[in-house]
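Engineer: Single-letter residue listing:
4 protein chains.
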Amino acid sequence: MAEDFIFEETVKIYDTDAQAIVHYAGYYRFFTDALEAFAYERIGMMFPRANENVWFVVVESNAKYHKSARVGDKLTVHLSSNIVSDKAIRFDFKIMRGSDFICEGFITQVTIDKNTWKAVPIPKEIADKLV
Amino acid sequence: MAEDFIFEETVKIYDTDAQAIVHYAGYYRFFTDALEAFAYERIGMMFPRANENVWFVVVESNAKYHKSARVGDKLTVHLSSNIVSDKAIRFDFKIMRGSDFICEGFITQVTIDKNTWKAVPIPKEIADKLV
Amino acid sequence: MAEDFIFEETVKIYDTDAQAIVHYAGYYRFFTDALEAFAYERIGMMFPRANENVWFVVVESNAKYHKSARVGDKLTVHLSSNIVSDKAIRFDFKIMRGSDFICEGFITQVTIDKNTWKAVPIPKEIADKLV
Amino acid sequence: MAEDFIFEETVKIYDTDAQAIVHYAGYYRFFTDALEAFAYERIGMMFPRANENVWFVVVESNAKYHKSARVGDKLTVHLSSNIVSDKAIRFDFKIMRGSDFICEGFITQVTIDKNTWKAVPIPKEIADKLV
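Line by line, the protein sequences give chains A, P, H and U. So that you can map any letter, position 113 of the first sequence is 113 in this note's numbering, and since no number is skipped, the others follow by simple counting. So that you can map any letter, position 106 of the second sequence is 106 in this note's numbering, and since no number is skipped, the others follow by simple counting. So that you can map any letter, position 110 of the third sequence is 110 in this note's numbering, and since no number is skipped, the others follow by simple counting. So that you can map any letter, position 109 of the fourth sequence is 109 in this note's numbering, and since no number is skipped, the others follow by simple counting.
Only chain A is shown next, with the shape it has when bound in the complex (with noise of 0.2 Å):
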């Protein structure tokens, strides 16, 4: 298990919706800006293209809300990552306000040969850095 990655996120307007909270929805951009951050930083690579030829596409996702979010809070994102097969990774997210233990989830990504959209191994120079 790769260690966590922390990424800083402030709620926008367009975050939120007429109930003055952070639409449900609108957590899987936070997990998504997380990953990508986490994958440029930590493995060098613009998610979701693992390589030339291969992609993650995403097969699950998941969120639990405990508390609410609104617009203008500094929010703490926390990732870590999972080989859960060799085709597949999972990324667990925990975001905080403060010692606010606002949401947490998680997203399972596959790698795809891009051109026939058929699972395949995650690219060994990604895997490698990932445990």
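Just so you know, not all the hints are guaranteed correct.
Repeated chains share a single entry, so a pair holds when one copy, or any two copies, can fit it.
To be verified - When the alpha-carbon atoms are kept at most 27 Å apart in a straight line, the in silico DSSO-like pairs for lysine-lysine are as follows:
(1) K74 x K87
(2) K118 x K87
(3) K12 x K87
(4) K118 x K74
(5) K114 x K94
(6) K64 x K118
(7) K12 x K67
(8) K87 x K129
(9) K87 x K124
Treat the hints as calculated values from the structure; they're not laboratory data. Remember, it's a predicted structure, so these values are computed and weren't measured experimentally.
We have chain A; now place chains P, H and U onto it with these hints.
Structural biologist: Here is chains P, H and U on its own, set in the frame of chain A:
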């Protein structure tokens, strides 16, 4: 358990991303659209407002992606609802494109007092229509 | 100039923001939905694909906001189209809520060869249906 | 006229659509992000709240698209502001990718009393920082 509710959707260009498929978080728009139509047609409520004082808020969301949908695809969203506690309803979704099983998932919602932001029982006039 | 095309839309929770009104960029979703329906019903094309080789791409967008729309509002989108050059069409929109004039704007689209990404004339079978 | 404000942005997968470029309405996210950062850093306000009683609301938005941006692109957003009346500010944006001129546009905002929803003068403490 309420009978299945069926909702038709067309994939729009803004639902897709550069992988030329629906962005994973975009399926939650389809879930929300089906839920909004269900609430309006079956219950007569304007989602997410249960009544003057009570709102629905999302406490969990989940989606599993089986096949990819693309711009212009005609999708059928099947919704079923289950009251899981006196304050929570789980809405389950299955998205089909003809006989292709595209995606399944759920959204769990809790009823709250919009002033105190505390969980309150599901209003009886709504619960009665879901059993 | 083609006759006005009318499209009905309901404001969804995800169209709104913490000001409890439709987010300014959300109106472009309504424009796009009306345009997609117009293209499908009047021209028989699956927007933004004009044909196998030709795509529509947006070169300008504009919206003026007169009144605020809120979740659950029933909106009527009026679309008219004008061929402004042999390679460009401007689509004008007016959004009403009953007799309230909510928003007006336009999207200008150019037809391109999707392989070379160069502007090409609007396909005749499409232009013929717009005059 | 205030001096140009510079904001850096990376194109995310969710900004793009099936044409493999940034969706036309996605550029408004970049405008909003630059505006939010400008308001926070230059004025000390948490956009779109001017103060306890005054909000900014958008009355017009516009974007002209010159070149296409793609996932992973590093963009530079240039923002300048002009007070166009005692109740309205126009924010102009230019988006560059290195020396490529990608997009330009503007957002005009009016200050309102959030209780009456009527236009009110721009608060002096904000206007003073924009001249």
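Engineer: Report the numbers of all earlier hints that the structure fails to satisfy, in ascending order.
Structural biologist: 1
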